[in-house]
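Generate the whole structure from the sequences, applying the supplied hints.
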Amino acid sequence: MTTIPPRPTFTQDWLRIARMGGIAAVGQTFIALSNMPVRLDERLLIKPILSMGYLILIVLPFAVGYRYGHQIKREGMPTFTPSMYEVLGGALSGALAGGGLSLLAVLLRHFDLRDPLVNWSPILLNLLTFGNATWFAVIIWIVIGTGTGAAGGLLRLLGPRAYRTAISVAITVASAAVLESLIVDIAKGLGLENLTDRLYASRGGIEWLSAIVLAVASGTLGVLGRGRFRQAKTQLSQLEGTARTQANAALIALTLAALIVLPLFAGKLTNELLANVGIFVLLALGLNIVVGLAGILDLGYVAFFAVGTYTAAVLTAATSPRISPEMPWLLALIFVVVITGLVGLFIGAPVIRMRGDYLAIVTLGFGEIIRLLFLSDWLSGWFNGAQGLVQIPPANIFGLTEIGGTEPRRVFYLVLAFCALAIYVSWRLERSRLGRAWMAVREDETVAEAMGINTVNIKLMAFVVGAMLGSFSGAIVAVKVGSVFPSSFLIVVSMVILVVVIFGGMGNIVGVIAGAAVLIGVLGGPRQPGLLAEFSEFKLLIYGALLIWMMLARPEGLIPSMRRSRELHQHEITQDAWLKN
Amino acid sequence: MANPEATSTDKPILETRKLSVDFGGLHALSALDIQVQRNEIVSVIGPNGAGKTTLFNAISATVEVSKGDILFEGKSLLNLEPNAITSRGIARTFQTVRLFTHMTVLENVMVSQHCHTKQNAFGALLYTKAFRTEEAEIRQRAEEVLSFFGTRLVGYRMDQPAFSLSYANRRRLEIARAMATQPKLILLDEPVAGMNPVESAELTTMIGRLRDEWDFTIVVIEHDMSVVREVSDRVVVLDHGEKIAEGNYDHVSNNPEVVEAYLGKSMTKK
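Those protein sequences? They're chains A and B, same order as listed. Just remember that this note's numbering sits 735 ahead of the position in the first sequence, which is counted from 1. Just remember that this note's numbering sits 2 ahead of the position in the second sequence, which is counted from 1.
Quick caveat, the hints were computed from the structure, so don't treat them as lab data. There's no promise every hint is true.
[What the hints assert, rightly or not] Estimated spans, in silico, between C-beta atoms of each pair: (1) A:Leu986 / B:Tyr169: 51 to 61 Å; (2) B:Glu259 / A:Met1286: 55 to 65 Å; (3) B:Gly27 / A:Ile1104: 37 to 47 Å; (4) A:Arg896 / B:Tyr158: 27 to 37 Å.
Treat the numbers as computed from the prediction; the structure is a model and nothing was measured. Every residue gets a Cβ at the ideal spot worked out from N, C-alpha and C, and that includes glycine.
Here you go:
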């Protein structure tokens, strides 16, 4: 890549500035009117400067400021050296973005649009004006926009090392602030309360002095340890054959050890969170077999989750109205898996003969039908309708321990064990005759059939295996929550599981786990709070935005499956082979 | 691989009897009688729309047969699912290359042995001895099939996804995949289409070797007359769904009806 001298500062691309600034201004207005800033203003990040509400309002100006300096790199084409041109352009785009809020403040003061826009409130105006007059808001938001936009542009001027340091400092401070509850919880378990007391203010947020100390510390660490991490990563990826296998095995063992040790030091909150993530990992792994491997877009996966939970509840709870065998949980689990598998077969048999979009719609329908059956009067003699089944006893594991909702740590270990099982199943099946047949069906059903694969049976198998894996998490949720209601199995659960799979990387086990950790752990599940519990109201909005961004920027998912990433290295391999000959 | 001593050579391996395929009012094939003998290479030629690919689709059950019958080794193929036909011993390739693009080259060939293997999910999960032996066998047979094409599909290429292959290699992989289903009869739909003259000459000799070394019976649709002349024992000419000529290449190429089908009627009548 050749670089040519910078562009003159005052020959800006005005159209680009207007376009990006304009889009960001609209975005800012939308965010402000979504009520997110007002809600999140209570959550202090850095005391007393920055609350999460204001952080959200400076993200967009910063992003467009950075984006403005982006140059498309074409092979053999020169790029400009970054200069004040980028900073000024970024500042101007940011100013426009901030200007959106200025305009909003003026409109808020003089018009009342509360009728269609429910969040058109004096509270929002107060937030935007910082309690001052309107002209103050007009000026301050343009200034803030300009400042953050310029900061985004400045990022372009940094060399690669400084850039990396800046990013790591930002990430450190941001995660320390955002993950406060998790850090405090773990520190308490480790007996490091002194440290967190000093870091965080009594009512939330990092003390500004501590924030500076943290920034300096992480910056120094970044400079000292520069490139070590990267080096190790490249070294690892260059290993081949048995060395690679050993390294992978070591990594897996390390992760597993960490997951076993961590909960011992973590409090209830963290363990609860880990258990929730684990439950969604289980669900997502099951759906991954159906969607990721066999390519069957199942929009009603929650049905199997529901059947698993209800079966476990009926078989173990004494309060179950029709039959209450009060089985031990482990024995019930066998029935849960078998019954859910049969339901998978029953739903799958008519559905599976369809293809593509039709299939997706029909699965969506079945997902709702199952929920409505549990809710119906017709079956209320079995499942108590909307009252649901309550007082599900804790699970007794070989008389060693009792696992119930009051002990999130034990629940987590239970989930971990089943996740390990599900990972093993996914991993083994993918590398078997059955897994290859699934992939062939995913790639081209007609050809798969012509190659001797009975596609109906193979797709049914995927449905049943997926259902069985999903039933595990159902059985665990039954003992974890201790009760089960039809309203826990809304269609949005199916969607969230699907988003986890797509976001993480379809067809890839590690990707699916990462997807669940990020989405469920940070944002939270349909009902489970995540680390950012403040966001719960806006969860679906953020899910949607993330999914759209993901489809545009990284359609293969967070951690794509090997098959997809191999594509990227193809050129290098052929080039090497060619050079050798 | 095929079993040459099983039946006498005079009985055809594949036979269509009054085979008709209609698409609405269009007669794609009408009352077609074709016989293919064991270990024969038969070319099916004809102008565009003559019904060549429809014939293949009818044999492999991807289109419905309206009238008539298809017999393979004396037994009817009607009312069978496509995968059942493959397990009977008929494999095919597609005119437009249709590989499993996101699977590796090796996996493409391994998955095609599906109907001759039987390990289920439990074997895979328990990692039984039977499972491991079968996996090893599948892999070995896959490598055997791939090495038929020289160095082109083996080595590091085996673990490459199929979409990374060049066009000619994709065509070769299609044939390899058909070979891996362990057929007695292979239907090749325009195997050299889009290849350069060198590649197409090479593939022509390979079609001969498929018969000689692997004991396959081969039916091939081809537009490239040099290939047809080179490989065919017998040529069947279709036009408008009907057989208009049959015989060896020289016989067929001098047949006035065939010339007319390809070039149109002569202006001056003789």
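| query | Which of the numbered hints above does this structure break? | reply | Of the numbered hints, just 1 does not hold.
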